[in-house]
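Protein sequence lines correspond, in order, to chains A and B. The working numbering applies: residue 1 is where the first sequence begins, and numbers increase by one. The working numbering applies: residue 1001 is where the second sequence begins, and numbers increase by one.
Honestly, the hints are just simulated from the structure, not real lab data. Note that the Cβ used here is the ideal one computed from N, Cα and C, for glycine as well. Take the hints with a grain of salt, since some may be wrong.
Ranges between beta-carbon positions, derived for each pair [to be verified]:
#1 V1294(B) with R76(A): 36 to 42 Å
#2 H201(A) with P1004(B): 44 to 50 Å
#3 S1290(B) with Q140(A): 46 to 52 Å
#4 A21(A) with R1400(B): 25 to 31 Å
#5 H139(A) with R1016(B): 15 to 21 Å
#6 R224(A) with R1016(B): 51 to 57 Å
#7 S145(A) with R1400(B): 33 to 39 Å
#8 V219(A) with P1004(B): 46 to 52 Å
#9 P116(A) with R1396(B): 27 to 33 Å
#10 Q140(A) with R1396(B): 27 to 33 Å
#11 V1294(B) with H139(A): 43 to 49 Å
#12 D1374(B) with S15(A): 46 to 52 Å
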Amino acid sequence: MPLIELEQVTRLYRSGDTEFAALRAVDLAVEAGEFVAITGSSGSGKSTMMNILGCLDTPSSGHYRLDGRDVARLSRVELAAVRNRTIGFVFQSFNLLPRTSAAENVELPLIYARVPPAERRRRALDALERVGLAQRSSHQPSQLSGGQQQRVAIARALVTRPPLILADEPTGNLDSATSLDIMTLLAGLRASGITIVFVTHEPDIAAFAARRLTMRDGVIVDDRRQAAPPAAAATTHGASA
Amino acid sequence: MISPTETLWLALRALRRNTLRSGLTALGIIIGVAAVICMVSIGEGAKSRIRTQIEATGTNVVLLFSGSSSSGGMRGGMGSQPTITWEDVRAIQAELPAVRAAAPLSRTSTQAISETSTWTTTVYGTTPEYFTIRNWAIERGSGLTASDQAGAAKNAVIGWTVADKLFGSGVDPVGQVIRIRNAPYNVVGVLAKKGQGGMGEDQDDAIFVPVSAFQARIQGGLSQFVRGPVYVSAVSTEAIEPARAQIASLLRERHRLGPDQEDDFSTVSMAEMTGTLTSATQTLTTLLASIAFVSLLVGGIGVMNIMLVSVTERTHEIGIRMAVGAQPGDILAQFLIEALTLAAIGGAIGVLLGIGVGQLLASRFGWSLAVRTDIVAIALLVSAGVGVLFGLYPARKASRLDPIEALRYE
Ligand SMILES: Nc1ncnc2c1ncn2[C@@H]1O[C@H](COP(=O)(O)OP(=O)(O)OP(=O)(O)O)[C@@H](O)[C@H]1O
Ligand SMILES: [Mg+2]
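Chain A on its own, in the form it takes in the complex (with noise of 0.2 Å):
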């Protein structure tokens, strides 16, 4: 059984009397431990897929499985929960509190997982260790760089140890550097088995994925697997971004 599984999803949105479709019937099965990449245009409806395959946002019609759940029939509470446990969402745009310590926009999946404050702290200031970020623990957003701050987004998506992490363009509001280390880092996030699909422009960023998915005007026009990412871009960059 996939983990990820579209069935002729489409997503319309209404603006007046017009109505256009963003994502248009798209089927899509993903299993557990892929690496997926997302390619395509601007406008092409990638954010749009990543939306509802985080449960952020609802199919107008079609079917999303997750993990073998229809996503439809889950209440709002549901799915809270399943935002909570079963994904972790990285934004290009980092998308951390703003005032708030590393540590404490970590831990913040693990409140809403009722995880009791002591053991939320271990584990935020481990999630922060895998990301190289433990030093940082007690810095706020705006006295991070890019780069660190969305290592800390990565960090808050892992905690909760979701088997699926969905990125939309994490690497798009970086420099090349930068993006590749952040690369390296979800790579190395599958080893351990967890299931990553994100977004990018850049071919190179791309080339990390074992598969490659290409859409054009709301449907996946393209779907190929390729060789292992090269080992070299992988470890020529050192864990600073």
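Model the placement of chain B with the ligands on the given structure of chain A, informed by the hints.
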């Protein structure tokens, strides 16, 4: 739902992040609660003081006035023709079984002059019985006597305030001379301190002379009528109403009033006086408290306003929280507790401020203060209720946001 302490912590952090705005919002509640507490405490203080003062006057006391109650007799006979004679007073004291003593009390405001100073005070003309009725002891020297009364002796008994003002604190007033309206009076005694009266007047600022002397020298011209109220004390609390009935029938008979004629006098018991005064105070207190409660309500609307602004301003934050798994109930609780905390902190500060201001006003104006714990509790509950009530709408609004819409909001 995450735990309440967790949510409270979250709310406190959010409020602290915008201290000035939180403070200004809480100010509405603070002022509302403080106003309620202050008003009610002062009102209660006034009420309880009136009660204790009147009780100190003597609970068995009945006041008798010239004039019917409908023609202003209650106001001490002012504006009405005096109808009660000396013989009436004597008869009331001598003939009525329910009456223990009766004493007239005429008064005038005038200057009293000693060798060293001049002081404007109230001079009363009365009989020795008055001090028995009022339960008022002589602290130094002696009191007025029956022979003073019979001989219209120019003797005076004075209160402590007058003693201080005329003779200073080092001098023994007994044996000194006071000139009132050009006549010298010997001070024979000083009364025990009595403090403030039911209307806030200083009861020790008084000079008492025999009513016979008062009529002859101060009021001017001998008269068969008593001016001012007559203090009557009943033999017991149970005898108050019988005493009033006996006074009424005696005076009707003495004044030869026909069955269809109205009383030309009126009586009022201290208990009635207490009731009238406290209910008047109560009305005022209720009025002030309702105005104060309205201001509390306005404070609540301020909380709602700020919470609405806060929800709009923090839409993106709400989106982030929802994206990482906050349930609608978590968001609801966060904003609700935030509003509640704001109102509760405002309420607590308001209670302290209200008591503080009340105490300040009380000591400044010589009022007394009675903080009623039930009112404090009600004010706190109301302010918390205001927090919930006016926080609910913004909180619900926040919890119903769509995650993706909230995240897109900038
Ligand atoms: N909230 C919205 N209301 C109306 N139209 C929208 C909305 N969000 C997206 N769209 C439209 O849907 C289409 C797909 O948008 P989407 O954001 O998925 O593109 P994308 O592939 O992520 O592009 P980019 O690479 O620029 O991020 C676009 O034409 C866009 O204008
Ligand atoms: Mg996009």
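Hint by hint, here is what the structure shows:
1. Between V1294(B) and R76(A) the C-beta distance comes to about 39 Å, which sits within the given range of 36 to 42 Å.
2. Against the hinted window of 44 to 50 Å, the Cβ-Cβ separation of H201(A) and P1004(B) comes to about 46 Å, which satisfies the hint.
3. In this structure, S1290(B) and Q140(A) meet the distance hint of 46 to 52 Å, their C-beta atoms being roughly 48 Å apart.
4. For the hinted restraint 25 to 31 Å between A21(A) and R1400(B), the CB-CB distance of approximately 27 Å keeps it satisfied.
5. A hinted range of 15 to 21 Å for the beta carbons of H139(A) and R1016(B) is consistent with their spacing of about 19 Å.
6. In this structure the supplied range 51 to 57 Å holds for R224(A) paired with R1016(B), their Cβ-Cβ distance being about 53 Å.
7. Remark: the range hint 33 to 39 Å for S145(A) to R1400(B) is upheld by a beta-carbon distance near 36 Å.
8. Here the CB-CB span from V219(A) to P1004(B) is close to 48 Å, well matched to the stated 46 to 52 Å.
9. Look at P116(A) against R1396(B): about 29 Å separates their beta carbons, and that is inside 27 to 33 Å.
10. Separation of Q140(A) from R1396(B) is about 30 Å and conforms to the stated range, judged on CB atoms against 27 to 33 Å.
11. Under the hint 43 to 49 Å, the C-beta atoms of V1294(B) and H139(A), about 48 Å apart, fit the expected range.
12. Take D1374(B) and S15(A): their Cβ atoms lie about 59 Å apart, and the range 46 to 52 Å is violated.
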